[in-house]
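Top to bottom, those sequences are chains A and B. Residue numbers for the first sequence follow my numbering, beginning at 136 and rising by one. Residue numbers for the second sequence follow my numbering, beginning at 37 and rising by one.
Because the hints were derived from the structure by calculation, they are not lab data. Treat the hints loosely; a few may be bogus.
Unchecked claim - Only pairs whose alpha carbons sit at most 20 Å apart, straight line, appear in this in silico SDA-like list of lysine to any residue:
(1) A:269 x B:598
(2) A:271 x B:616
(3) B:576 x A:278
(4) A:269 x B:557
(5) A:269 x B:597
(6) A:269 x B:596
(7) A:271 x B:577
(8) A:271 x B:578
(9) A:269 x B:552
(10) B:164 x B:176
(11) B:571 x B:585
(12) A:271 x B:579
(13) A:271 x B:575
(14) A:269 x B:575
(15) B:184 x B:252
(16) A:269 x B:551
(17) B:571 x B:587
(18) A:271 x B:550
(19) A:271 x B:594
(20) A:269 x B:574
(21) A:271 x B:576
(22) A:269 x B:577
(23) A:271 x B:617
(24) A:269 x B:550
(25) A:271 x B:552
(26) A:269 x B:576
(27) A:269 x B:578
(28) A:269 x B:579
(29) A:271 x B:551
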Amino acid sequence: MSITVLNPGLMTTVQDMGRIGYQKFGVPVSGAMDPRSSAIANILAGNDEGEAVLECTMLGPHLQFNEANCIAVTGGDLGPTLDGRAIPSYRAIRVEAGQVLRFTAPRQGCRAFVAFSGGLDVPLVMGSRSTYMKAKIGGFEGTRFLSGPPERS
Amino acid sequence: MSSNPSPGSNLNSAKPSRSVLFGAAFLMATSAIGPGFLTQTSTFTARFGAPLFLIIVLVIFMDITAQMNIWTVVSVSGMRAQDIANKLLPGLGYVVAALVALGGLAFNIGNVGGVALGFNAMFGMPEKIGAVVAGCLGVIIFVNLMDKVATILAAIILITVAVVAVISKPPVGQAVSSLAKINEIPSMFVAMTTLLGGSCGGYIAFSGAHRLLDAGISGKENVGHVRKSVIQGCGTSGLVRILLFLAVLGTCTVAGVWSASVADSIQTAGTPAAEAFRLAAGEFGYRLFGLCLFAAGISSVVGAAYTSVSFLKTLIPFVAKYERQVVVGFITVSTLIMVLMGGAAQLLIIAGAVNGLILPVTLGARSVPTVPRGSRKEPVMAEVRFLTTGDTSLSAEFGNEISPAINAQIRAFDIALSASGIPGIVETVPTYRSLMIHYDPGVILYAPLVEKLRGLLGELDQIQIPPSQVLEIPVLYGGEMGPDLDFVAQHHAKTPEQVVEIHTSTEYLIYMLGFTPGFTYLGGMSDEIATPRLKTPRVKIPAGSVGIAGSQTGVYPIDSPGGWQLIGRTPVRMYDPDRAVPILPSAGEYIKFRAIDQEEYDKITAEEAAGIYICKRYPRQEADK
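Produce the entire structure from the sequences given, and follow the hints as far as they go.
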């Protein structure tokens with residue numbers, strides 16, 4: 136399946152549990168700001184806890200699903216909606232092809248995590264899919280979501 | 037044999053041999069008990085009488101304290117005094133070594149003379165022949181049986197002095213009761229400092245400490261043995277001092293009353309100890325004195341020569357290579373000077389004077405390295421501070437300065453930790469002066485982890501630390517690749533070639549990595565090419581650029597903005613996230629730059645692009661200092 140990013144949001148990056156073992160070489164760990172929420176999102180979506188998720192900051196992205204899937208949103212309450220209807224956080228949610236996930240406005244907390252059943256298909260760099268923007272590695276092309284590139288999961 | 041391991045890299049865990057430990061103790065003791073020791077003790081006893089006993093006892097305690105400090109510092113650090121001094125203040129070690137060697141030579145001439153006097157007293161042998169025999173004996177003892185003979189000579193000295201002490205029937209009660217008379221100390225202050233100098237001044241304390249190092253006894257695990265040796269050595273010289281004191285005291289006490297005339301005749305005699313022995317036991321006493329002086333002198337001949345050379349050998353490679361020959365030469369030269377100049381008694385006085393002059397200087401110089409190091413060096417591992425840095429990491433802080441020695445300890449600890457099998461360690465990050473340890477608190481909690489880490493610090497000496505690697509980085513200097521090379525050269529009134537020459541002549545220690553992936557914090561660049569940063573930083577500096585900023589040098593591993601003076605560029609990829617080993621350099625290694633031409637630059641660039649370039653790495657030759 137793939138997703139289409141309609142609106143990148145303020146600061147949306149791919150993160151997992153981080154790039155561990157390279158700090159001695161000057162490479163920070165990166166990874167989800169809130170590993171617990173990230174892990175719960177993955178568990179709800181039927182993934183391994185350490186699977187890559189989307190970390191959304193303050194203003195979340197608008198994502199269109201190109202195929203049916205199961206997702207979960209955890210962490211801060213950034214006002215997630217599916218086709219305009221509010222959806223609960225910390226629940227596994229079934230999404231159909233064509234449906235759009237939007238975050239309306241931050242209500243509580245700063246960061247929300249979106250897990251997709253099956254994970255995110257971005258390459259492992261030094262053992263992790265986490266985005267490290269300064270060195271332009273990991274995640275989607277080494278940076279935050281900028282426009283609307285297709286993203287598969 | 038004369039390897040000079042860095043702290044924490046000592047691998048001696050075998051139980052040290054008893055003969056070496058005894059030998060070191062008695063080498064020190066008999067180095068202390070030379071002709072000067074006998075003279076000073078006799079003279080002061082005759083001058084002050086029973087009250088001197090208090091001073092003698094105090095000096096023994098001070099001697100043990102001072103020597104305990106010196107021996108422990110030397111043996112735990114695995115470094116000789118001159119190396120410790122050099123580490124503290126570059127060049128200081130050479131000064132100390134020169135003073136000690138010079139003092140040792142002056143002293144040794146006196147020692148040879150002392151042995152000659154001893155022969156003369158025993159057999160009436162002419163002085164010059166006695167000196168030659170003394171020199172030959174010294175060489176034979178040094179070459180063959182140093183440790184055993186030092187023990188035997190110490191026994192001879194003890195027995196001879198003890199015999200006279202018994203014969204002279206000293207008023208022991210008077211001496212012991214003087215211990216309470218603390219108010220008399222100030223009047224005998226000169227005696228105290230002189231006697232202390234004679235017990236542990238100059239090279240004396242180092243004779244035993246360096247002997248243990250040469251025999252491979254060092255490191256924390258041997259501290260117990262080393263301390264026992266100190267007590268033995270200081271106890272021996274102290275016992276001899278007390279016995280000699282009693283002998284002279286008994287001689288000066290006629291029918292229970294202090295005899296000023298006897299005391300006076302001892303003080304004014306050419307050799308006070310000989311006079312005391314003679315007055316106590318007649319002709320037999322004089323012969324005994326000869327035997328005692330012979331034993332004291334010959335052991336000091338060996339001790340002074342050996343120790344003086346031990347000061348020179350880590351500083352001068354030639355001496356290290358031909359150590360035995362140099363010691364033999366040292367004894368030979370002292371003997372020749374003695375024979376050519378003659379007059380043992382006068383030379384003893386001259387030697388004493390020279391030594392008196394040198395002692396304060398070396399003691400003053402040495403108090404700088406030994407006193408602070410003593411409190412800092414010995415428990416260096418115990419002083420590591422553990423700081424909490426969040427709920428999943430802690431920082432082990434090894435010091436508060438940027439130094440290769442501290443960095444080497446961090447590297448050793450890191451290597452030991454990774455080999456230790458302590459559970460729950462996630463990753464470690466070495467920095468200039470600490471090691472950050474990330475752990476999983478679900479596996480191990482803070483307190484038990486710190487306990488395990490402390491245990492590991494205690495065992496650090498037993499863990500084999502592989503030699504540091506040198507990473508050779510080829511650099512195309514100047515031109516388009518190094519636009520600031522000419523500026524750096526002009527800044528120092530040098531040619532660009534000279535700058536390159538200086539820049540490529542050093543092995544730079546990689547203290548740590550940080551800032552960006554693969555960015556090395558290097559140490560050791562020559563001040564001759566240190567250059568301020570650019571006034572206006574560049575917006576983009578290409579990866580591989582080699583720069584200088586202040587006294588720092590380094591390679592930009594990725595494109596980034598920066599204000600360094602760019603003097604060249606390497607075609608080597610310091611960092612490549614898609615490579616099996618993404619980052620080339622690691623902390624604790626060294627980088628050596630090698631100048632290359634455009635052709636080689638292009639070749640390496642092509643090989644890097646094809647993923648087949650292998651950067652040259654080799655073990656560092658010299659032991660880390």
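Hints, one by one, checked against the model:
1. A:269 x B:598: With Cα atoms ~14 Å apart, residue 269 (chain A) and residue 598 (chain B) stay inside 20 Å; holds.
2. A:271 x B:616: holds (18 Å)
3. B:576 x A:278: OK: residue 576 (chain B) and residue 278 (chain A) at ~19 Å, within 20 Å.
4. A:269 x B:557: This hinted pair holds, its Cα atoms lying about 19 Å apart.
5. A:269 x B:597: holds (12 Å)
6. A:269 x B:596: With a Cα-Cα distance of about 9 Å, the restraint between residue 269 (chain A) and residue 596 (chain B) holds, given a limit of 20 Å.
7. A:271 x B:577: holds (16 Å)
8. A:271 x B:578: holds (15 Å)
9. A:269 x B:552: holds (8 Å)
10. B:164 x B:176: holds (19 Å)
11. B:571 x B:585: holds (11 Å)
12. A:271 x B:579: Holds, because 14 Å separates the two Cα atoms, which is no more than 20 Å.
13. A:271 x B:575: At roughly 17 Å apart (the allowed maximum being 20 Å), residue 575 (chain B) and residue 271 (chain A) satisfy the hint.
14. A:269 x B:575: holds (15 Å)
15. B:184 x B:252: Judged against 20 Å, a Cα distance of about 18 Å means the pair holds.
16. A:269 x B:551: Roughly 10 Å between the alpha carbons, so the hint for residue 269 (chain A) and residue 551 (chain B) holds.
17. B:571 x B:587: holds (16 Å)
18. A:271 x B:550: Roughly 16 Å between the alpha carbons, so the hint for residue 271 (chain A) and residue 550 (chain B) holds.
19. A:271 x B:594: Holds, because 10 Å separates the two Cα atoms, which is no more than 20 Å.
20. A:269 x B:574: holds (17 Å)
21. A:271 x B:576: holds (15 Å)
22. A:269 x B:577: holds (15 Å)
23. A:271 x B:617: Holds - the C-alpha atoms of residue 617 (chain B) and residue 271 (chain A) are around 18 Å apart, at most 20 Å.
24. A:269 x B:550: Satisfied, since the Cα-Cα distance of roughly 13 Å is no more than 20 Å.
25. A:271 x B:552: Since the Cα atoms of residue 271 (chain A) and residue 552 (chain B) sit roughly 11 Å apart, the hinted pair holds (cutoff 20 Å).
26. A:269 x B:576: Cα-Cα ~14 Å, so holds.
27. A:269 x B:578: Between residue 269 (chain A) and residue 578 (chain B) the Cα gap is close to 15 Å, so the pair holds against 20 Å.
28. A:269 x B:579: holds (14 Å)
29. A:271 x B:551: Holds - the C-alpha atoms of residue 551 (chain B) and residue 271 (chain A) are around 14 Å apart, at most 20 Å.
Hint compliance for this structure: every hint is met.
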